[in-house]
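Going down the list, the sequences are from chains G and X.
My numbering numbers the first residue of the first sequence as 3 and each following residue consecutively.
My numbering numbers the first residue of the second sequence as -18 and each following residue consecutively.
Among these hints, one or two may not hold up.
Listed below are the simulated DSS-like cross-link pairs for lysine-lysine, each with C-alpha atoms no more than 25 Å apart in a straight line [what the hints assert, rightly or not]:
(1) X:194 - X:211
(2) G:121 - X:271
(3) X:271 - G:135
Taking beta-carbon pairs under 7 Å as the criterion, some of the chain G residues facing chain X (in silico) [to be verified]:
(4) 101
(5) 175
(6) 225
I should point out that these hints are in silico values taken from the structure, not numbers from a laboratory.
Glycine residues also receive a C-beta, built at the ideal position from the N, C-alpha and C atoms.
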Amino acid sequence: MVAIDPILLHILLIAISGTLICTAVHFIPVGGAPAAMAQATGIGTGTVELAAGSGLVGLITASYMYANGPAPGIPPSMVMVLAAGAMGSMVMLASTMFAGSLVYAYGVAVPFASAQVKKDPITGERQDLYMSKGTQGHGLPTICFVSGVIGAALGGAGGGLIYYVLMQIYSPYIAASAAAVAGVFTMGVFYVNAVIPSYGVGGTIEGVHDPKFRRVIGKDVITSFFVSLICGVVAVFIAQGMIA
Amino acid sequence: MVLDLTMSMAILALMGALATIAGCLEDLESDVGSQSNPNSQVQLAPQMGFLHRIFNKAISGEPISNGLSAVIGGTVASVLLSAEFYPLTAIVIGAFVAAIILGIFATTSYAGRVASQTRFKQPLYMDIMRYTTPSIIAHNFIMNFCLVAISYIQYEILGYPFTIPFLALIWGISAGAIGSSVGDVHYGGEREFQNREFGCGLNTALSGRIVRKAESGLRNSIDNVWFCAKFGGPATGIALGLTVFFSSWPTTIWGYTWKAIGIGILIVVVFIVLNRFLEINAKNAYGPYKEEKNETEAKA
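Can you build the whole structure from these sequences, using the hints too?
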């Protein structure tokens, strides 16, 4: 087996985690301003806002998992940190979407309907019949909800992975404040990779079933990989400044 | 600090309660100041010839302006804590400073936004600015207090690796994201367009035609927050409260194990099922809007 240089491996892992975050954003059903007025399907906010909001909750759970390893000073396995990030992120997005659905159902009074598919791929229910006049769907049908949860899991895992890698890089140099630097840098990479898909999807996407998903994900993922690679290089470079 | 299970659960419950209040007040602050996506309609109305008396701030995207507010509160509290202030005093002063700064942003953005609409004859109502800005500051103060208190508990008592300002920033952004996703729908989808037909989405043709008359007199943002406090705000609070509670509850009970992760995933599955129930309920209550075409009948 070919041995990979640890620095190169760290950079590659950061690039992969950035790509995971970028992929995640495509899964999250965001309808932007029209969705806030029940004119479009999805959550009534922007891609960056929601992806970052859920991913950052994942970052908190991942960092706490990292700080509570099997023994003091020994972090848990990488998979465990990723899973904790995914869990936190999924819980945030699921509770947000559920509360959003409550408002759509009982506050605004609209049935949930997707404009992109005739039948919900999960429940098999007709969507077009429930789409009111002059709208592009409304609410959060089951497919959007499930797609959002999958996206949150990917985003949270991506955030957890960057945090894990950065802690591995920075801990030997600045043990006390490594978490702060790693946390802020993770947030930065999160925003970078949440913004890239916004251009691809044009601000709104319904989730995995949206034709836009297949159309843009390839280009966005490649872009994100290379941008995250640069972020990884920067992350390693700033560590050099920590050597006393 | 090592806590026993009862104490850990008590702290978690306190954090959940604080988050519920923070989420609710965050959304109500964005409603009284008219921020985020629904504000696009408030901005659009004068261009369509509908002049109004609604506050119009939209400093930036809701999560970002909210994160800014929370991080200022966290930073000031952190500085005061290092000067050995009593924690409650430090958090209160931090929250107050952040709320005042948001108030400054609110007035400048309201004046700036309305000034940019001079050509549409939208007036800048000084009484609206005088009455609404203190309400924005008050709502924001309570939200800042709750979020900085959560960050303080997480950092000082639970031993989270991030500092108070950073935790406050993350919770501020998350609270803003939830407020923008949940409560704003009640403001944008329902309150701004109570003139639309009940039980359906907003027809694109109605864009900008916001309701401008109140139960008595002309509608202003105080009327809007009164309405949104009945449903949109509490729903946002529940979402943030559930997020804070359920993101920590599994690890508090089952430790840092795979079992805890599994329980977290189970919670998400329960949410998916609950959403499905809501979907069925809403479809039965309001739809369908069109008759299903029976192809075999059509052929006959």
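Do the hints match the structure? See the list:
1. For the hint linking residue 194 (chain X) to residue 211 (chain X), the alpha-carbon distance of about 19 Å falls within 25 Å, and the restraint holds.
2. Distance restraint check for residue 121 (chain G) and residue 271 (chain X): the Cα-Cα separation of roughly 15 Å lies within the 25 Å cut-off, and the hinted pair is therefore satisfied.
3. Restraint check for residue 271 (chain X) and residue 135 (chain G): the C-alpha separation of about 10 Å stays at or below 25 Å, so the hint holds.
4. Hint on residue 101 (chain G) holds. Least Cβ distance to chain X is approximately 4 Å, under the 7 Å limit.
5. For the restraint placing residue 175 (chain G) at the interface with chain X, the shortest Cβ-Cβ distance is roughly 16 Å, beyond the 7 Å limit, so the hint is violated.
6. With 7 Å as the threshold, the beta carbon of residue 225 (chain G) stays out of range of chain X, its nearest partner Cβ sitting at about 22 Å, so the hint is violated.
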